[in-house]
Amino acid sequence: MSEPVKVVEKKAAPSNALMLHGLPDVGLVGLIATSHVISQLKMNEIAYVDSELLPPVVVLHEGLPHAPLRIFGNTDVIATFGEAAIPAKAVQPIVRKLVEWSQAKKVKLMVSMGGMPVQDRQDIEAVKVYGAASNPSLLKLLSDKGIEILHGGFMVGPYALIMRYCAERNIPAIALLAQSFYNYPDPEAAAATIKEFSKITGLQIDVSKLVEGGEEIRLKARDVMKRTTQELNRMKKTQEYDLPLYV
Amino acid sequence: MAEIRRRRRSILDLIGDYLEDLETLSEEFGGVAMFERPSWDLRSCCIEPLCSVFVAADEVVVTADLLNTHPDTIKVEQVNRDTLEIRAEMKRKIRFNEFGITHRQGEFQFFRCQTHIPVSVEAKRMQTRFKRGILEVHLPRKKGYRIKVE
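Protein chains in written order, with the working numbering: chain A, 1 to 247; chain B, 1001 to 1150.
It should be emphasised that the hints constitute simulated quantities derived from the structure, not laboratory data.
All residues carry an ideal CB built from backbone N, CA and C; glycine is no exception.
Heads up, a few of these hints could be off.
[To be verified] Stretch by stretch, here's where chain A covers chain B in the computed footprint (C-beta under 8 Å, at least three residues):
| # | region |
| --- | --- |
| 1 | 1065-1076 |
| 2 | 1103-1116 |
| 3 | 1132-1140 |
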């Protein structure tokens, strides 16, 4: 039986790199943020994810076919980038494989940038970013950088699994989650996460294009958002609104 | 005994599989697969905006992402008892080539969507708000009769 998920490397991936994740989730925050980082750092495609669990889709760029879930890199940073919604049933095996692959590449820190849906998002002028981490020392690092910690509640979806598998394997991982729309693309929230990402990693990323081109991004991201919302509903993403039981 | 247990488990598994298939089918027929269509219509020059419906205890809130529109062109209309239509004109026309698509021709100037309202509402008392490109429509729910608690 063939492997359900494979990472096919096209170029050598760097060791001891920082790894970002831009997977479709609420407000497409991570996807928009990671796409911007890839473009600003001029990263190239180094690998892609091949799986029968993904829909039979290729993305055409300049007439050439590309896998919907790709990995970009330069000498210090690796980034996963998913251009099409990942089916709910495929999220677990794909994330597990990505975490295994990152361990083989001795990734020094996994960073998931994402959204945290809030009601009345349109009334929020200054988007707040919350943090979660796979170990106490990283939580302290987030706190020291002025990022408010998510102390309780649920995380659902790809970033939740990245955090869980990284904690199991002792891979340092953080999540930066900005207040965002649930089912509308949110470039402002993406810009807010990048700002916090820069504070933590020291990588300076200019977000002005992201903010100025917000409307255009919202328009272009509509269809991916629509399909992502359908998958988020299947994952029961709204469980993030639930109050946890502490006894 | 072990065989009976195995058989029982297997029946439960079958029921579980059946329920899972049913859930998948109902999801698909509930709007995902059955009504799948492009999010644009060339003949009417319309793009369908992203929209959502939230049913609260006392109201239904419909929101729609109407970026790049003139607020004074937004029209909200109850087209029948359980359907709301939202229309708006964009500030500028959008063409396929702006999305990197060159094999289709056409331009869009309007947003238009129809959304299902799952409970009875009082459309006459509807209130709207438009901020940061997001339209919010508040529709008070119709009240039934009050049951006296003794």
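> For the region 1103-1116 of chain B, do at least 3 residues have a Cβ located nearer than 8 Å to some Cβ of chain A?
Replying inline: violated (count 0)
> Okay, the region 1065-1076 of chain B and chain A, do three or more residues pass the C-beta test at under 8 Å?
Replying inline: holds (count 3)
>> Under 8 Å between beta-carbons, do enough residues of the region 1132-1140 of chain B, three at least, approach chain A for the coverage claim to hold?
In response: holds (count 4)
Hint compliance for this structure: hint 2 alone is broken.
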